[in-house]
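Asker: Here is what each chain is made of, one letter per residue.
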Amino acid sequence: MVRFYKTLHWKQNLCPPDCSACEQACAHRAGTEPMDSTIKMIHTPGDNFHSVMTCLQCSEPSCQEICPTGAILKSKEDGVVRILQTKCIGCGMCTMACPYGGVYFSPEKNLAYKCDTCDGKPKCVEACPIHILDFFDGDRISRYLSEEDFLSPGTRACSGCPAELGLRHTLRTIGRGAIFFGAPGCMTTLMTGLGDRAGNRLPYFSCLFTNVPSTMTGVHRYYKKIGRNVKLVAFVGDGCAVDIGFQALSGAAERGENFIFICYDNEGYMNTGNQRSSTTPPHAWTNTTPVGGEYRGKEKNSKYLPLIMAFHGIPYVATATVAYLEDYVQKLKKAMQVKDGLVYIHLLAPCPTGWRAPIESGIELSRMAVETNYFPLWEYERGRFRFTQEISNPKPISEYTKLIGKFSHLKKNEIQDLQESVNDRVNMMKSLVELGQTHEYKSKSLNRERKR
Amino acid sequence: MAKGKEVVGLKVDQKEVIYQDGGREQYDSLLIASGSEPMKPPIRGLETVGFIGFHTIKDSRELSKKLDGKKEVTLYGGGMVALEIATALLERGLKVKIIVRSRIARGYFDEQGGAFIELILRQQGAEFYGGSKIDEIREIKGRTKIILSDGRSLDTDVLIVSAGIEPRISFLAGTGILINRGVLVDKQMRTNLPDVYAAGDVVEAFDFFFGQAGINAITPSAIQQGLVAGANMAGEKMEDKGWIPMNLFKFFGHTAFSIGLSPRPSYQVLKKKDDPSGISKEFVFQENRLAGARFIDVDIDPGILRYLIEEKVDIGEFKEELLEHPQETSRRLMLRSEQNWS
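Listed in order, the protein sequences are those of chains D and W. Just so we're aligned, residue 1 is where the first sequence starts under my numbering, counting upward by one. Just so we're aligned, residue 1001 is where the second sequence starts under my numbering, counting upward by one.
Hints listed in this document are in silico derivations from the structure and should not be mistaken for laboratory results. One thing to keep in mind: the hints can contain errors.
Taking lysine-lysine pairs in the DSSO-like style, the calculated list, with each CA pair at most 30 Å apart, reads [unchecked claim]:
(1) D:LYS430 / D:LYS333
(2) W:LYS1241 / D:LYS74
(3) W:LYS1040 / W:LYS1145
(4) W:LYS1187 / W:LYS1241
(5) D:LYS402 / W:LYS1312
(6) D:LYS109 / W:LYS1097
(7) D:LYS87 / W:LYS1095
Example chain W residues on the side facing chain D (calculated, C-beta under 8 Å, incomplete) [what the hints assert, rightly or not]:
(8) PRO1220
(9) ILE1223
(10) MET1246
(11) THR1255
(12) PRO1302
(13) GLY1303
(14) ARG1306
(15) HIS1325
Some chain D residues near chain W, calculated using beta-carbon distances under 8 Å [claimed, not checked]:
(16) ILE42
(17) HIS43
(18) GLY46
(19) MET53
(20) GLN64
(21) GLU65
(22) GLY92
(23) MET96
(24) PRO99
(25) TYR100
(26) PRO107
Backbone N, C-alpha and C fix where the C-beta goes; we use that ideal spot for every residue, glycine too.
Taking the hints into account, I'd like the entire structure generated from these sequences.
Answerer: If you want it as structure tokens, here you go:
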């Protein structure tokens, strides 16, 4: 499996306009005598862009490939690309090879220089006053995941499908020893495969829309009877979880069945040709909520199932997106610990095909949904709500809608209306989170593990 | 690995290479990466010259040996190789004379740029003999006498002829391989022969801007072509983006960088030059895309300009700003394109 190294990571365009703390810290990395900084500020006031840039420590560094003296080497140990100053002849080839501006040339010294992450203790990260620079441990996520990828290569999902990424990581996180369940939907076509070839390497049960939780209940009871404890996981779309199969899900929650129920929410019946579902947001275009003439997309609000599930009083509920995979994986890990009731996870999975967005935009849409508070990330644990991703300065919803074709017809007042419904939802979530933080609030009945 | 053997021919039907010692070896797929050899201009007495071209580390070591106790070196040619050698020799405190047929650095810089480089080298003691060709070379008592086409003549200790390169292709004669000046290849670096690929200085590959075949004997192109050839030989389908001329020249604390197309009709050119300091910057735009750029003593990330050209980044409203603040704006444009920032 691919290994990841620690790497400098920063959020783009969030630097204060007059800040150069990282550059200063880098220049003084070896003491008081200033040196050439290997992290570069970019301030273009013309379009209000303020950010930083440095070496990305590429896995296949083009600077290393081009260096005629072999002075540039990527370390196998820590992944850092270093320049051996004794071998550098100052030809500048590396600066021509690097497309990302990660290696620089000093005419005074006639040598190339670049970031070496201060050998694992980057001074710039310590200096950043607003903590947008961090030394990211990319390997963290791979440590959670199974070495084996259970989804077969060559999937049948559309190009750029975020739900596919979500499913893949679900399988890798939960791993062997679980039985998976699904209902008709995009991901079912991936799991069942085509013809006589299964699409995955784990036991999988393909149910009907209406009876996923009931089937799981039956399977669970059978295994209990023969004395085996198995983990059961459903991975179904919003059509199944929120609309057609909701009664069975609600029933299973109330009965306290112990399994994990994941809904990947692509806000419609995407597998059958983009019909609206009850999670389709207001004003959105779908094939059954058309735009044209007197029609202006969906007229109704969307149903917010994760909150409804939380009020069933089940042990654990969370929202997640593929843009924050680590967050999702951590939530899955928590879910696997629950032994006394149902777990519900609501995974936002934008559908570039059905939403009419560029195929490469899935992750960006998922991230923007969180950053605009359209889809806040939170978890509910035995009576307490908590945000897992704090958004201090939410972007306006127009930043999200402008990326998506299904919102392209929106007029100002409609965007305003959507913004208000986003605000309402996040404000409700905030008050619930605050409620959980007060000392007086202790949900005794929910805090207990229940005997089964 | 067969080291120290010279290939003298190919048997395409049998998929064999023929070694100089008569041995043969089979191949599944073959890469011709025989590089280039120095061009030999038609000069009487050229055979007496020790340094024709300057190509390998061996040339460098031999020159070092030969320079022992010598004071004067003459260079024939004004390309980047000749200028690099001149700079290195001037740094060593040698007397350097440069004979150029037209003007120096013609392939990469305009007259003003070339004049600035010439000025700096002159200040360091170089002598220039512009607009003249060598007619004849004579060896007289250990010194070399050079007679120029305009009648002038000069004496020197060592003469280095650096008049460009030509692909090393003589061993391919009679194989049926398509050759113009170099081996002709398609975008996947395939020659016309089955399972025979070629890359590097030896090829005439498609260029980035017009898709025309041509020789661009520089390291960045060779690496790119080698990567494409290797991928295709291993069974992957990969196409070359096409070569872009680029060069970086460092001399006495100054830096000159050139990439892409020089100004041409119907292309927009933005230019700024500061006279006493010699600092100059020039951008060539093909509609909203960057097509070329040249700088002298301007802080810039050459690789980012290459990125902006190769990725066909929309420069649009940033043209003026790019001229005003080239480094920050090009970095900004790269980041925007890379992360889809709006």
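Asker: Would you mind marking each hint as holding or not holding in the structure?
Answerer: We went through each hint and held it up to the structure:
{"no.": "1", "hint": "D:LYS430 / D:LYS333", "in the structure": "holds, 25 Å"}
{"no.": "2", "hint": "W:LYS1241 / D:LYS74", "in the structure": "holds, 26 Å"}
{"no.": "3", "hint": "W:LYS1040 / W:LYS1145", "in the structure": "holds, 18 Å"}
{"no.": "4", "hint": "W:LYS1187 / W:LYS1241", "in the structure": "holds, 8 Å"}
{"no.": "5", "hint": "D:LYS402 / W:LYS1312", "in the structure": "holds, 24 Å"}
{"no.": "6", "hint": "D:LYS109 / W:LYS1097", "in the structure": "holds, 27 Å"}
{"no.": "7", "hint": "D:LYS87 / W:LYS1095", "in the structure": "holds, 28 Å"}
{"no.": "8", "hint": "PRO1220", "in the structure": "holds, 6 Å"}
{"no.": "9", "hint": "ILE1223", "in the structure": "holds, 6 Å"}
{"no.": "10", "hint": "MET1246", "in the structure": "holds, 6 Å"}
{"no.": "11", "hint": "THR1255", "in the structure": "holds, 6 Å"}
{"no.": "12", "hint": "PRO1302", "in the structure": "holds, 4 Å"}
{"no.": "13", "hint": "GLY1303", "in the structure": "holds, 4 Å"}
{"no.": "14", "hint": "ARG1306", "in the structure": "holds, 6 Å"}
{"no.": "15", "hint": "HIS1325", "in the structure": "holds, 7 Å"}
{"no.": "16", "hint": "ILE42", "in the structure": "holds, 5 Å"}
{"no.": "17", "hint": "HIS43", "in the structure": "holds, 7 Å"}
{"no.": "18", "hint": "GLY46", "in the structure": "holds, 5 Å"}
{"no.": "19", "hint": "MET53", "in the structure": "holds, 6 Å"}
{"no.": "20", "hint": "GLN64", "in the structure": "violated, 11 Å"}
{"no.": "21", "hint": "GLU65", "in the structure": "holds, 6 Å"}
{"no.": "22", "hint": "GLY92", "in the structure": "holds, 4 Å"}
{"no.": "23", "hint": "MET96", "in the structure": "holds, 4 Å"}
{"no.": "24", "hint": "PRO99", "in the structure": "holds, 4 Å"}
{"no.": "25", "hint": "TYR100", "in the structure": "holds, 7 Å"}
{"no.": "26", "hint": "PRO107", "in the structure": "holds, 5 Å"}
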